[in-house]
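Mind docking chain C with the ligands on chain Z? Use the hints.
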Amino acid sequence: MADAKNMVYLALQNNEDARPIIEAIEEDNPHAEINHFPAMVKIDAVGKLIVRRKTVEEKIGREWDPQEIHISLVSLSGNVIEDDDEFGVERDN
Amino acid sequence: MSRKLNLRERYQRMTRDLAWEPSYQSKSDIYPQMEFEGIKIEDWDKWEDPFRLTMDSYWKYQAEKERKLYSIIDAFAQNNGHMNVTDARYVNALKLFLTGVSPLEYAAHRGFAMVGRQFPGAGAQVACQMQSIDELRHVQTQIHTISHYNKYFNGFHDFRHMHDRVWYLSVPKSFFDDAMSAGPFEFITAISFSFEYVLTNLLFMPFMSGAAFNGDMATVTFGFSAQSDESRHMTLGLEVIKFMAEQHPDNIPIIQKWIDKWFWRGYRLLTLVGMMMDYMLPKKVMSWREAWEIYFEQNGGALFEDMARYGLRMPKYWEQTIEGKDHITHQAWGIFYNYTHAAAFHTWMPDNEEMDWLSAKYPDSFDQYYRPRFEHWREQAEAGNRFYNPTLPMLCQTCQIPMGFTEPGDPTTIGFRASDFEGNRYHFCSDGCKDIFDNEPQKFCQAWMPVHQIYQGNCGGATVPDVLDWYHLNFGVDNFDYAQSPDRQHWQQWKGEAAEESDAPDEAA
Ligand SMILES: [Fe+2]
Ligand SMILES: [Fe+2]
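Chains as they are written, first to last, in this note's numbering: chain Z, 1 to 93; chain C, 1001 to 1509.
Same shape as in the complex, but just chain C:
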């Protein structure tokens, strides 16, 4: 008489038992990328599956998630849900998300398919396969959801094309390209552990809470639907680290170096999210500073206490992020305010109420360093001199963000580092970014740097309109200050708000 299998047995039958030992091909021919990174694995059977989810349950639960999501997306579209957002400024956060983040979901789909094929263990293969399918679901649901906004707002129309070309989108793009062009063990350390386990909460939790707070039910729903897969992904990341650490002591220094690198890369990438939280949400949920305290300082602190048993320590330069939490979002928003004539979303200066919120949330930095600058810019804009920076910025060779971050210990001096390699000099925003280059100069000297490419004539021409045309960005529509934007005009018409005198569109620079 058959008896119901328990979870562990079911998992064993449906996963590990489906694998086999090859007999007529050598393992090194089947899994050719297992050696070159220096990671030593003695026994793949020691892999402890983080979630014992079998494929049949996987499909069942994913189908349930999709059903819920699409019923909400339908309701959202039928009820003109875009009209319920707090303010059309909010939609710019979605533009940044669709052009910057959604293509990374697709890259993750490809990346996990690639590494799943490379790992010899059945447990790891199945976990990577599920994640690969999850990531494809994420990009699809994001495109479906946000396509509704594309009908009513500008800047959404060609996100995939933009992702490969627009200057600030090279920040997220190069992050993932770096991971995908590494070996399978580095990829999974970078994406599953450093990004998903340590940092992803800073992307999704504030973003989705922010969407909920700003009346965007569709985004909340795709966000939480994607995030419900995230617990599995995070746990995979943790298991990967434990597994590599337990397999061989020689692995520890290699893993530590990857954690150092990918923590810093992730931190720089998330600056864009922090800026969105502090400046782009009309109704704010929490500051970047608070989010960093909850999700990195508290949660990351507990995690690395856990990791100490393997001889792994906190990522290098984490102390700089504690100081940086008071500064990076204001500095980044300043950069985008300067260059919004070349961006696919609008920027603006905070109103008085928002300035007060920033002062309260950043008592040690905002009034002293940023408020005077922002008030000056706002006054200038009101006097008809909205400032757009006509000179292209110098970019950090590693993170590709314009060099606008300040020195640790001195928020009035721009940080600046350089390295020489094969007769050329390369520039960096920070010690973290310089170290990453110095460890792999051959790789990073080949980075596709948007500003260099423009100056070399590879981006459509020599003027801003030429380059924007090459980006597929509509000049005078998608770019410039929110105050002058067609988005704002439409919003006011739909809402029946009269345009105020002082906000009348003036000639764009």
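The following block holds chain Z by itself, in its conformation from the complex:
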């Protein structure tokens, strides 16, 4: 089996709605690796990936509800963390 210890990912569409979210993830998760596929961006990390409401709001200049991520999310792997201020996935073994 490939070395898969605690790998998590978020995959988002590659479009105008998702771009600021992807940028926010990049900023708040320096350990993440961004992989581009046709029409889709897959963000891989070990342990945890977080999307912060504040960071996205700064980028788009309006209020943003983390549940809006549902519109652009393509897939994920990991245990979901969700509250009013952030959305994310994590694994801790």
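Honestly, I wouldn't trust all of these hints.
[Stated by the list, open to error] When the alpha-carbon atoms are kept at most 25 Å apart in a straight line, the in silico DSS-like pairs for lysine-lysine are as follows:
| # | chain 1 | residue 1 | chain 2 | residue 2 |
| --- | --- | --- | --- | --- |
| 1 | C | Lys-1361 | C | Lys-1284 |
| 2 | C | Lys-1046 | C | Lys-1257 |
| 3 | C | Lys-1284 | C | Lys-1040 |
| 4 | C | Lys-1495 | Z | Lys-54 |
| 5 | Z | Lys-5 | C | Lys-1316 |
| 6 | C | Lys-1004 | Z | Lys-54 |
| 7 | C | Lys-1283 | C | Lys-1151 |
| 8 | C | Lys-1495 | C | Lys-1284 |
| 9 | C | Lys-1257 | C | Lys-1316 |
| 10 | Z | Lys-59 | C | Lys-1060 |
| 11 | Z | Lys-48 | Z | Lys-5 |
| 12 | C | Lys-1004 | C | Lys-1068 |
| 13 | C | Lys-1495 | C | Lys-1283 |
| 14 | C | Lys-1361 | C | Lys-1283 |
| 15 | Z | Lys-59 | C | Lys-1068 |
Just so you know, these hints were derived from the structure itself, not from any lab.
What follows is chain C with the ligands alone, placed relative to chain Z:
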């Protein structure tokens, strides 16, 4: 003074608080399917809702997704988007999708409505209800999107009728029928966990990236629109497993058996997708082998490390899939090449450039085992002897795929297993499929096997044209090699490409 509720409170009010304790009917009468599978649930309130999405937000976000999707579908139709695909061969992947996958979306819609009704917990009920509505949206948007192709290409005209009859479509159909005729806990383990959580990325991610790469914006859009619901579905699958595992230790062996069964069934089903990736996309995104490494080996590996805390292990025979990733798609394409005279889509042999791509992506198998065979078939076709196999294949009683997969450790010998049950002998492609039968022989001995049905005279007659007529397939139009197809002729006319000498349509077998 009222204060804005936070996410957790909002969810509590809008979901759990809408449920009630029954007072004049017993729970076992209201939820009669809760016991027979042996799963023990002590406290439904321990259900941890994976996404705290309330119905009002659900409608808001789904409406937004639909708006986006339909504006693209409109633009696609107005601009003759079908003319922008890389090559008309690509459209055959869509034919397989519409006839094989879209009806499963409808089956999922029904299945989640059924199990949502059976679960006593409000959290589980709401999650299943949303998924049921999602799945109805998926089938509808797929039909709408692909209907555009139906105006210009053959083979799309009666997908629902075909799904219930055509031999290879019994592979996806029987997969879902198996799940829907199981109990609610097995259904949700099969579909939400084994299929959606562990394997669905292998269906949608490569398919949609492939569509994007091949100029099919409409399909990309319905695909990603459906897939945006998928994160919720996958997370439901994970929660179901955790919940059952935490409720009672007696549940573990039952869950493990279901994971073993449904992983193998899903793996066999996805062979069709792998074949599409490696052979049907004129511009290729990634090989089946690469997709399996990313989405199963890496992602599945991390997942089952997570599951170890409950005493759950990797699905049985996963090692065979690691070896199989070098072989199954080539073997499956070989089967369809043999039987394309009885299929609702066209097949062809890869051109030189595609052969080289396959050699590069499959350095340990393609040149050694498959390239010589394919080059021989191609030479024969060019000499006017395109081979169509006149004998109906033996099918695996479990996965219903023709018995063409090879033995683990020996890619030159066809795998073959058998079991006797109540005086009859049943045949299987693999250990995985045999185990599934042996665990539930009473169920699987009743499978509707297309080849048996043809030989028993239940499929319209004794000749291929009779059977195709019964399938509602147009003989000489929907079937046979791409080289001879009206689809190809039309495409060349539209594109102003001259037909090459050697490709002139010859008499079909
Ligand atoms: Fe779906
Ligand atoms: Fe099988």
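Results for each hint:
1. Using a Cα cut-off of 25 Å, the hinted pair C:Lys-1361 and C:Lys-1284 holds, with the two alpha carbons roughly 11 Å apart.
2. The straight-line distance between the Cα atoms of C:Lys-1046 and C:Lys-1257 is roughly 24 Å, inside the 25 Å bound, and the hint therefore holds.
3. Distance hint between C:Lys-1284 and C:Lys-1040 is unfulfilled; the C-alpha atoms sit about 47 Å from each other, more than 25 Å.
4. For the hint pairing C:Lys-1495 with Z:Lys-54, the CA-to-CA distance comes to about 51 Å; that exceeds 25 Å, so the pair is violated.
5. Simply put, Z:Lys-5 and C:Lys-1316 have alpha-carbon atoms about 20 Å apart, close enough for the 25 Å limit, and the pair holds.
6. Taken as a hint, the C:Lys-1004 and Z:Lys-54 pair is honoured in the structure, with Cα atoms around 18 Å apart against an allowance of 25 Å.
7. With a C-alpha separation of about 24 Å, the suggested pair C:Lys-1283 and C:Lys-1151 falls inside the 25 Å cut-off, and the hint holds.
8. Annotation: proposed proximity of C:Lys-1495 to C:Lys-1284 holds, straight-line Cα distance about 22 Å (limit 25 Å).
9. At roughly 9 Å between alpha-carbon atoms, C:Lys-1257 and C:Lys-1316 fall within 25 Å of each other, so this suggested pair holds.
10. Straight-line distance between C-alpha atoms of Z:Lys-59 and C:Lys-1060 comes to about 23 Å, which keeps the hinted pair within the 25 Å bound.
11. For the hint linking Z:Lys-48 to Z:Lys-5, the alpha-carbon distance of about 12 Å falls within 25 Å, and the restraint holds.
12. Restraint check for C:Lys-1004 and C:Lys-1068: the C-alpha separation of about 30 Å exceeds 25 Å, so the hint is violated.
13. A threshold of 25 Å between alpha carbons decides the hint, and for C:Lys-1495 with C:Lys-1283 the separation of about 18 Å falls inside it, so the pair holds.
14. Distance hint between C:Lys-1361 and C:Lys-1283 is fulfilled; the C-alpha atoms sit about 14 Å from each other, no more than 25 Å.
15. A threshold of 25 Å between alpha carbons decides the hint, and for Z:Lys-59 with C:Lys-1068 the separation of about 22 Å falls inside it, so the pair holds.
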